[in-house]
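J.: Please build the complex by placing chain B on the supplied structure of chain A, with the hints as guidance.
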Amino acid sequence: MSVTTAFTTAPSIEQAVDEIREQCSEITPKMVLFFASSRYDPARISKAMHDAFAGARVLGCSTAGELVSGRVLKDSIVAMAFDDRTIEDAACSIVTDVTSPNSLSDAVRKLEGEIGTPLRELDFQKYVGLILIDGLSGSEELVMDRLGDLTNMAFIGGSAGDDLKFRSTHVYLNGEAYTNAAVLAVLKPAGEFGIIKTQSFRPLGTVLVPTKVNEGRREVIEFDGMPATLAYARALGVPVEEAPKLFMHNPVGLVTGDDFFVRSPRQVEGDSILFYCMVKEGMELALLESTDIVSDTRKAVEEQVRQLGGASAIINFHCILRALELEEKGQNEAYGSIFADIPTIGFSTYGEEYIGHINQTSTMLVFK
Amino acid sequence: MSGEIKRMIDTIIQKRSNGNEVLKNTTRTKLIIKGFNPDHWTLQSEDDPAKIAELRQIARDMGVEL
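Those protein sequence lines, which keep their order, are chains A and B.
When we follow our numbering, the leftmost residue of the first sequence carries the number 23, and every step to the right adds one.
When we follow our numbering, the leftmost residue of the second sequence carries the number 1267, and every step to the right adds one.
One chain only, chain B, in its complex shape:
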């Protein structure tokens, strides 16, 4: 399976920013600082269970329901 990480990242950015461009950039930066650069993941990226678990925790911490 592939693409789950990209979809999770996009959901976090979309839900935290509500479409606001400034918040989109800020949320992207926060994710990069946490080690998840949105540009490095595509719908073809392999689903890595450890990374998915890490992102789920990040989403919880950020108050985002995936």
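The following block holds chain A by itself, in its conformation from the complex:
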């Protein structure tokens, strides 16, 4: 066995970490990835997990819900331990201030020092990056944009959560807990790997173009020269006051050829719409309509597993808005069942990362 998953709902950190360690006892891990509910004290859980797996790289973050092979959980810790049959090599570093380009540069230099190669020269078919980032920093776009400049290797990951309290989120590395920070990891998987980006929407055939925005606030002031709320409501054929009720089922997507990157409206402020993701003036944003998360995800996972010829593990960064919709529809069990036969961990995120920052999406790293 080269990958082990573990989970616990034990309330005390000592007992929870004992249970995780016990479930991983058959493996000598090179790396341990864990996702922990915000009910566990950040500093103590990071130190306890680090101490429990001496000799391994231990990284993780706080969540808004957890996933483990076949099960959707809350208030738990899920972990995945990898030995060198799955991950040949791993380098990690911390961006201590995600708002600072210098801090990101320092973290990248440290990674490159550990790997011994500039990120720009890494073979994107042999290496893959993981990113766990503060979900309340509003800085995901900045960090992903710069990482995308520096390397052709894909970085995939999620924005840490805090069980919908929206007070503070944390990332964990080497026994420390950080806020306003990001953990970066460069992995060299022993075998093939694949990336899934799946979102359950179809375009409605209407395009909205932001003509006035405040990028820093993730705010669209005008679409097509009209107040944003009015343009959005008109496009959906509803009164302006009804528009916020449709945000979850009718977000917009940045069109990138045959695909789109979802940008989810968060709230109305005056005539503006605030988003969970930055949009720029002039971007073509397709108005979307939700489809079935369970069947779409099942199809995406089955297709990736077929392409790889099997899967030994999945890490799933699963948007909290998708998690809430599944819960509302009573589909948690059906969603969990997609991952019943593959060792999987994941968490409900405050944003997903792949090439850029995305909303209402699942990004997954699949190991053959």
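Note that these hints are calculated values from the structure, not bench results.
A portion of the hints provided could be inaccurate.
Said to hold, decoys possible - Quick list of in silico lysine-lysine cross-link-like pairs, PhoX-like style, CA-CA up to 25 Å:
1) Lys1317/B - Lys219/A
2) Lys1317/B - Lys302/A
3) Lys219/A - Lys69/A
4) Lys234/A - Lys1281/B
Said to hold, decoys possible - Covered by chain A, per the in silico footprint, the following chain B stretches (three or more residues, Cβ under 8 Å):
5) 1269-1278
6) 1284-1292
7) 1308-1314
Yeah, the Cβ is synthetic: ideal placement off N, Cα and C, and Gly gets one too.
T.: Only chain B this time, still in chain A's reference frame:
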């Protein structure tokens, strides 16, 4: 004058991807996220100095010599 922006975009995509189709698509997506959709620019597009300056900076950031 026209077409400079299209030529710059094509150069960035070509140099970052070295002809690899996967990297071509990824680089296109990165540019779209940065606000430069390659499909929106043609050799007939007017040379906008502000956009050209922005693209030069993007190229520098991406390690591409134009």
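J.: Each of the hints needs a verdict: does it hold here or not?
T.: Hint check results:
| no. | hint | verdict |
| --- | --- | --- |
| 1 | Lys1317/B - Lys219/A | violated, 30 Å |
| 2 | Lys1317/B - Lys302/A | holds, 14 Å |
| 3 | Lys219/A - Lys69/A | violated, 32 Å |
| 4 | Lys234/A - Lys1281/B | violated, 33 Å |
| 5 | 1269-1278 | violated (count 0) |
| 6 | 1284-1292 | holds (count 4) |
| 7 | 1308-1314 | violated (count 0) |
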